[in-house]
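Student: If you're matching them up, the sequences are chains A and B in order.
Just so we're aligned, residue 24 is where the first sequence starts under the numbering used here, counting upward by one.
Just so we're aligned, residue 1470 is where the second sequence starts under the numbering used here, counting upward by one.
No lab work stands behind these hints: they were computed from the structure.
In this text, a Cβ means the ideal position worked out from N, Cα and C, and glycines have one as well.
Be aware that a few hints might be false.
[Stated by the list, open to error] Listed next, the stretches of chain A that the computed footprint assigns to chain B, with coverage defined by at least 3 CB atoms under 8 Å from CB atoms of chain B:
1. 159-167
2. 227-233
[Stated by the list, open to error] Cβ-Cβ distance ranges computed for the label pairs, FRET-style:
3. A:E221 x B:L1509: 23 to 29 Å
4. B:T1705 x A:I69: 16 to 22 Å
5. B:M1737 x A:S301: 17 to 23 Å
6. A:I69 x B:T1783: 36 to 42 Å
7. A:V77 x B:V1877: 43 to 49 Å
[Unchecked claim] Chain B regions said to be covered by chain A (calculated; three or more residues, Cβ under 8 Å):
8. 1513-1521
9. 1566-1575
10. 1692-1703
11. 1717-1724
12. 1727-1735
13. 1752-1760
14. 1845-1857
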Amino acid sequence: MTGSERQRIRAAGLARGAGRNRRETWIGVALFVCASISVLTTVAVIAVLASETVAFFGDPAVTFREFFTSREWTPLFAESQRHFGIAPLVSGTLMVTFIALVVGLPLGLGSAIFLSEFAGSGTRRRIVPVLEVLAGIPTVVLGYFALLFVTPLLQPLIPGLRLFNPLSAGIVMGFMILPTVSSISIDSMQAVPRSLREAAYGLGATKFEVVTKVVVPAALSGIMASFILAMSRAIGETMIVTLAAGQRPNLTFDLRETIATMTSFIVQAATGDQPAGSLASRSLFAVGAALFTMTLILNVISQQVVRRFGEKYE
Amino acid sequence: MSEAATETGVPDVGANNLLDARERARLAARRRRGAVFRWLTLVPVLLAIALITTLFADIAIGSISWQVIEANNSGQDFAWSEGFRPLGTWQRVVGLELVAQGMSEADIDAFFGDSETVRKFRARNRVELMWSVNGRPLRWLVTSSRDDGVDDLGLFEGWRQRSELLASLEADQLLVLNPWFDVAFLGKNASRTPVMSGLMSALLGSLWVIVLVIVISLPIGVGTAIYLEEYAPDNTVTRFLELNLRNLAGVPSIVYGILGLAVFVRLMNLGPVILAAAMTLSLLILPVVVIASREAIRAVPDSLRQASYGLGATRWQTIGRVVLPNAVGGIVTGIILSVARAIGETAPLLLVGAAAFVPRLPESPLSPYTVIPIQIFSWISENDVEFPHVASAGILVLLVVLLVLYSVAFYVRRRFERTW
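Kindly produce the complete structure, drawing on both the sequences and the hints.
Tutor: Quick look at the structure:
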């Protein structure tokens, strides 16, 4: 092999290396672009909600004062009868969420305690996927079930229960959030170290006392986080309430009455063919902004709870 | 003494009998409380399982109904096997019906040759699969169409009243058990008449949307995961990206619908088309795809990467030939589970304009569309005693699709499961 040949080969190798390096750089850039799409999504969500909400409040027909104090929400009505008080939608959302939490939290925590502390690992492996089914069933199916099975079932028991009511929607939603509560709670209870339990047993505690006085308090941050996350799920859930709770904004705390929630109003306004830029269409975005803010705050709180109060073992 | 020790499980020190008895009673009470508590925690698990069972049973039962139908045509019915051909089912049955009405072979050929005659016949008559109560089970039936005055009874209610119903039948009436979920249901297009309604356009719409969702979200999601796991330096930008993804995962799906409505449908002026729906759902499932892919990539041990670098491979070569092939099981599982979620999503698509009634089948990403859950939603919302049965049949299809997807995900996870 002559010197010039060797040089040529080295030059070719270097060129290939340079080409490879260039390619590497481009790939790095392309991957960063992929990663930034999620940031773009957030920016777009906030920009869309903010601009339309500002336009909503910029309309002379709407005032901040009315938005927060009026007891009526009728933005889809004719101009003379329009009212823009978000209170009925918030009350509807809170009512359904409250029922869902009353049903879902004890059920979720109870099943988590059973599966984590009392059931064997074999039973746990078999039952947990079954509970996950509840989260995997499309919510339109759960809405169908609430409207066409639960409501007819409850109507003979509860006089005055409307066809559309927050009660059956909330009950079914409680089962929907059950896996959210149970899976996170199971994880945090499993993370409680064996040494803590052994110490409690050593002091003469019964299984029940170990669970309620050691394991659950030690896992409390995870359990609280799961509760808050479940609440955020319930507030943002749409199809169950749209189908089973109704679409009539109604400032009431009667569980038998037809109501509307923030999410069901959004669906109602969107499916009614409101022209873009109209006040009715903008009201949809304003409600969306309120919904987004509420769920975001809850999600951030749930992350903070885990970070602040989460006990680190080992 | 020794008896007491075995009863309470506490070593008996045998010092003070009186105190011992009181202590033993207290311990027994503590034990009892524990046992009760244990059973109490079992209740939620049983309740959840009961609810799932009830839900599936309710949907299965809801998809079958007893009906009294007018058969003032010839009301012929044909055994299932006679009419059942994978293709051309109704032509076969209509042919048999025409023979029964006394038409000759030539007349029948002429009948099928004239599309206008066929169209009129189909508009006036229905060909459907039913359990004929009077004859053998599961038969094709050709009846004149009926839009009103149909007696429709649930499975159990109809069974209870069966003898009365049979006794009160008029001359040209038939009592049939109508399984709304049958082969024809998948092939029929949407309709304003319950018995004519089918899932064809929704099935195709869902298929289009899902294929596009995979095409869009797979590269972006996996790319993001690779960036965060293999490229990203540990700095503020990266931490912000991670925080952002976590928060996006918690945003309600309807907010993605609002985003899709404002950006894809209006700003980009796509209108209510398949592409807008697919992009909206892609953004919706992106955080889940990223999280699942990151876990899969993280599970690949560093020693493999080091070995690859040691052989002189570049970062991308290492990722493409070592990391990704070893992470493929987790990534595919994550994608399938995300797709399963996207298939069942209803709320965001209501906002980006999935229509309740799509007369034509979707042909391109820019066609108007409907999807299975939207179709189910519109059937539930219809004010008609028969539409809930159609909705049940649609739900059965949706649940079967999801079941298949979950099984595939389960299989993939098993197949590619590796311990290092």
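Student: It remains to establish, for every hint, whether it holds in the given structure.
Tutor: Against the structure, the hints:
1. 159-167: holds (count 9)
2. 227-233: Per the Cβ count (5), the hint holds.
3. A:E221 x B:L1509: 23 to 29 Å: holds (25 Å)
4. B:T1705 x A:I69: 16 to 22 Å: With Cβ atoms ~19 Å apart, the hint holds.
5. B:M1737 x A:S301: 17 to 23 Å: holds (20 Å)
6. A:I69 x B:T1783: 36 to 42 Å: About 38 Å separates the Cβ atoms of A:I69 and B:T1783, which means 36 to 42 Å holds.
7. A:V77 x B:V1877: 43 to 49 Å: This hint holds: roughly 46 Å between Cβ atoms.
8. 1513-1521: holds (count 7)
9. 1566-1575: violated (count 0)
10. 1692-1703: Since three or more residues must qualify, the claim that chain A covers the stretch 1692-1703 of chain B holds, with 7 doing so at under 8 Å.
11. 1717-1724: With 7 residues in contact (Cβ-Cβ under 8 Å with chain A), the coverage given for the stretch 1717-1724 of chain B holds.
12. 1727-1735: As far as the stretch 1727-1735 of chain B goes, the hint holds, because 6 residues have Cβ atoms under 8 Å from chain A.
13. 1752-1760: holds (count 4)
14. 1845-1857: Since three or more residues must qualify, the claim that chain A covers the stretch 1845-1857 of chain B holds, with 5 doing so at under 8 Å.
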